[in-house]
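Start from the sequences, fold in the hints, and give me the full structure.
Residue numbers (my numbering), protein chains in the order written: chain A, 1 to 253; chain B, 254 to 498.
It should be emphasised that the hints constitute simulated quantities derived from the structure, not laboratory data.
We treat Cβ as the ideally placed atom computed from N, Cα and C, and that holds for glycine.
Among the hints, erroneous ones may be present.
Just some of the chain B residues that point at chain A, by a computed CB distance under 7 Å [claimed, not checked]:
# : residue
1 : Leu-305
2 : Phe-337
3 : Phe-339
4 : Ala-343
5 : Arg-360
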Amino acid sequence: MARTLEFLDTIGRGSRFAFRASHEMFRPPYEARETVRQLFELGCRSVPLIAASGLAVGVVLSMHTRASLARFGAESLIPAGLAIALVRETGPLTAGLLLSGRIGAGIGAELGAMKVTEQIDALEAVAVDPFKYLVVTRVIACVIAVPLLTTVMNFTGMLGGFAAETAVTGMPLGTYFRQAFGAIQFSDLIPATLKTTVFGFIIATVSSYLGMHTTRGTEGVGQASTRSVVLSSIFLIAANVLLVRIIFFFYPA
Amino acid sequence: MPAVELRHVTKSFGPRRVLDDLCLTVPRGRSLCILGRSGTGKSVTLKHLIGLVKPDSGRVFVEGEDITEMPIRDLARVRLRIGFLFQNAALFDSISVGENVAFPVRRHTRRAEAEIRAGAQQLLQRVGLGEEYDRMPAELSGGMQKRAGLARALALEPALLLADEPSAGLDPVTAAEIDALLVDLKHQSNTTLVVVTHNIPSARTIGDDLVFLHEGRVLAHGTAHELERSDSPLVREFMRSEGTG
Numbered sequence: 001m002a003r004t005l006e007f008l009d010t011i012g013r014g015s016r017f018a019f020r021a022s023h024e025m026f027r028p029p030y031e032a033r034e035t036v037r038q039l040f041e042l043g044c045r046s047v048p049l050i051a052a053s054g055l056a057v058g059v060v061l062s063m064h065t066r067a068s069l070a071r072f073g074a075e076s077l078i079p080a081g082l083a084i085a086l087v088r089e090t091g092p093l094t095a096g097l098l099l100s101g102r103i104g105a106g107i108g109a110e111l112g113a114m115k116v117t118e119q120i121d122a123l124e125a126v127a128v129d130p131f132k133y134l135v136v137t138r139v140i141a142c143v144i145a146v147p148l149l150t151t152v153m154n155f156t157g158m159l160g161g162f163a164a165e166t167a168v169t170g171m172p173l174g175t176y177f178r179q180a181f182g183a184i185q186f187s188d189l190i191p192a193t194l195k196t197t198v199f200g201f202i203i204a205t206v207s208s209y210l211g212m213h214t215t216r217g218t219e220g221v222g223q224a225s226t227r228s229v230v231l232s233s234i235f236l237i238a239a240n241v242l243l244v245r246i247i248f249f250f251y252p253a
Numbered sequence: 254m255p256a257v258e259l260r261h262v263t264k265s266f267g268p269r270r271v272l273d274d275l276c277l278t279v280p281r282g283r284s285l286c287i288l289g290r291s292g293t294g295k296s297v298t299l300k301h302l303i304g305l306v307k308p309d310s311g312r313v314f315v316e317g318e319d320i321t322e323m324p325i326r327d328l329a330r331v332r333l334r335i336g337f338l339f340q341n342a343a344l345f346d347s348i349s350v351g352e353n354v355a356f357p358v359r360r361h362t363r364r365a366e367a368e369i370r371a372g373a374q375q376l377l378q379r380v381g382l383g384e385e386y387d388r389m390p391a392e393l394s395g396g397m398q399k400r401a402g403l404a405r406a407l408a409l410e411p412a413l414l415l416a417d418e419p420s421a422g423l424d425p426v427t428a429a430e431i432d433a434l435l436v437d438l439k440h441q442s443n444t445t446l447v448v449v450t451h452n453i454p455s456a457r458t459i460g461d462d463l464v465f466l467h468e469g470r471v472l473a474h475g476t477a478h479e480l481e482r483s484d485s486p487l488v489r490e491f492m493r494s495e496g497t498g
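Below, the structure is given as C-alpha cells:
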C-alpha cells in the first residue's frame, strides 16, 4: 500500500513537473544563450550517433526488404518500401530510442551531479531560477533537436539503403532517390516527424525530473542516469502507440 | 531593523528534528559566527536565511522582509543582496573559474563584457586566484575552489554574506587571509556576515558575536570571551579545543 501511494505520488509530481515545463517554455525570461548551448550539446553532438545508426539501419532494412519483396518479384519497389518504412516509423522510433539513451542519460547524470554537489542550490542563491535555466532550456532544445535528428536519421537511412541496393544491382543514386522520394507523401513525412517533438519533450522532462530529484550522492547520480534512459524509453514507446493511432485517425492509411 | 532574524524556527528532515524553536538576530553591519558540533543544524540555519530551506514553523526575515513564504520572483530580488558561500564551494563545473565569478554579474546587470571580466578578475585577485580565471573548477584544489566560491559570493557586492565554513580545507596562512578579507569586508562595506565555522581562531577574528548551536537550539550566545566562560561545559570545552575545520 505504501509503495502504491509512493508510486502515485511520484506520478503526480512528475506530471506537475511536465506541465510546468510545457507552461514555462512560453513564459519570459527566455534563456536564449543557454538554450542555444543545449541545442549544440544535445543536438549537434548527437549527429554522429544518429547518422551512423541511420546508415546501418538503412543497410539492414534494405536487405530485409529485398529478401521479402524478392519472393513476389517486386524488387523494383525496394526504394519506395524502404523510404516509407523509414519515414513513417523506423526513423522516428529508432532515433527517439537512441536519443533517450544518449540525451536522457546525459541530462539525468548532469543534473543529478549538479544536485548532489549543491550547484542547483548555488543557482538559486545567485537568484537564477534553476527550473527555467536547467530544465526549460533542455526541454526546448530537445523539442527542436529530436525532429531534426530524426530527419538526419531518415536521410542517412536512405543513403544506407542506397548503398546496399547499389552493391547488389548497381542502381544509380538518382534513380534510387527518385523512386524513394516519389513514394513518400507529406502525410507520411510530416506527422511522423512532428510526433518526435513529443519524444523530445518526454526525454527532456523525464530525465530532468529524475536528475533534479537525485539523492544519495554518486550512487543516486548513477540511478538517475539509468532510470532516465529506462523510463523515457518506456514513456516514448507508449506515447508512440497513442500518436500513431492519432495520426491514423487524421490520415487514414 | 536587524539584517537577519529567525523567529522560533523549527525544521525536521524525516523523523529528525534539526532546528528546534531557534531564534537568532543579527544586526546590520555586525558579524555572527555559528559554532557547534557536526550535525547540529548550522548549515541548515544558513540555508534558511537565503530561502533554500523552508521552516516547518516559524518565520525568517532578511532586512525586514519576511521571506518564509515569499514567491520565487520576490525571493530572487532579496537574494540579489545576499552572497552565499557553500560548504563545498558548489562552483558550476561546466564553466571556468572566472566565468563562475562573472556569472551573477552577467545575469543581473547590464555591464559591458570587458567590465564584467575585469570585475571578476579583480575579485579572483582579491582571494589569491588572479592567475586562475580560465581554469576549470575541477582543476583547482578544494581550498582554491573555496576561495573561488567566495569570490563568486562577493560578485554582486552583497549587503549580507553567508559563509559556510570559509576556512575549512585551507592552510593556516590562506585561512588567515580569508578571515582578514571577511573582516575588511565588514569594516569597508558594512557587510553583515553570518559565518558557520568549526575554526575557533577564525571565529575569534571574524565574529562580533558567536552562537553555539546544540540539538537545534542556541546553547550559548555572546562574545568569544563570554563563551569561554559559559555555564555549559560543552561550550567551554569547544572554545578551548581551538578546533580547525
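How the hints compare with the structure:
1. Leu-305: holds (5 Å)
2. Phe-337: holds (4 Å)
3. Phe-339: This hint holds: B:Phe-339 lies near chain A, its Cβ roughly 5 Å from the closest one there, short of 7 Å.
4. Ala-343: Hint holds; B:Ala-343 Cβ to chain A Cβ min 4 Å, cut 7 Å.
5. Arg-360: Holds - the Cβ of B:Arg-360 comes within 7 Å of chain A, reaching about 6 Å at its closest.
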